[in-house]
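With the hints as extra help, turn the sequences into a complete structure.
Protein sequence lines correspond, in order, to chains A and B.
Using the working numbering, you'd call the opening residue of the first sequence number 14 and step up by one each time.
Using the working numbering, you'd call the opening residue of the second sequence number 777 and step up by one each time.
Just so you know, the hints here were simulated from the structure itself, not pulled from any lab data.
One or more hints might be untrue.
[To be verified] Mimicking DSBU-like on lysine-lysine, the simulated pairs with C-alpha atoms at most 30 Å apart in a straight line are:
no. : chain 1 : residue 1 : chain 2 : residue 2
1   : B       : Lys844    : B       : Lys812
2   : B       : Lys843    : B       : Lys832
3   : B       : Lys812    : A       : Lys24
4   : B       : Lys832    : B       : Lys844
5   : B       : Lys832    : B       : Lys846
6   : A       : Lys91     : B       : Lys812
The structure displayed is predicted, hence computed values, not measured ones.
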Amino acid sequence: GAGVSQTPSNKVTEKGKYVELRCDPISGHTALYWYRQSLGQGPEFLIYFQGTGAADDSGLPNDRFFAVRPEGSVSTLKIQRTERGDSAVYLCASSSRRSYIYEQYFGPGTRLTVT
Amino acid sequence: GEDVEQSLFLSVREGDSSVINCTYTDSSSTYLYWYKQEPGAGLQLLTYIFSNMDMKQDQRLTVLLNKKDKHLSLRIADTQTGDSAIYFCAESGSSNTGKLIFGQGTTLQVKP
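Right, here's the structure in full:
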């Protein structure tokens, strides 16, 4: 079946602009995660959704970052007033609650470059 | 706090065994994971181990867990050039949400 998809694959924006990154999880997966991966680093947790609600947003770096999942499927990560330090690959993952090991299936990521 | 440390680079010859090491800090982690990242591809779960186990074998992969020292290792037997990738160790931490805390990744280079 289809895996996790993310759009766009690449996004270049100017400092100060607003961006939206989209994630389509695997159908039926109730858990959705956003991570950020900077060059040469491992993924860093941002936010976790169970269904429509954000169950853990402790990884969001500041109030410029916000994410929604209004219907419990597609999620959008929104970044306001982008800064050069926001440049990274943003990864989305989904998981089935039936998976007791919380196996997460990752999308290919969106590479965000802030100039 | 939660922290995961890995060595950054490992180079081996094709056919040799590779051992990638990881240390973690959160002793309450229920599961520990190894993920693989190839260029242009998403992160892929390779294997995992439950925290009350010492060892898990899965074909060419062997995971060893020393819970006392908070040390995890991944051994790849008969390493192939197709195993060249970045390998990430991850822990589930004290959270029950499934969020993962990743190490910075070990680049495995396999020379023919």
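Evaluated hints:
1. B:Lys844 x B:Lys812: Given that 30 Å is the threshold and the Cα spacing comes to 26 Å, the pair holds.
2. B:Lys843 x B:Lys832: holds (14 Å)
3. B:Lys812 x A:Lys24: holds (25 Å)
4. B:Lys832 x B:Lys844: Between Lys832 of chain B and Lys844 of chain B the Cα gap is close to 17 Å, so the pair holds against 30 Å.
5. B:Lys832 x B:Lys846: holds (16 Å)
6. A:Lys91 x B:Lys812: holds (28 Å)
The structure shown violates none of the earlier numbered hints.
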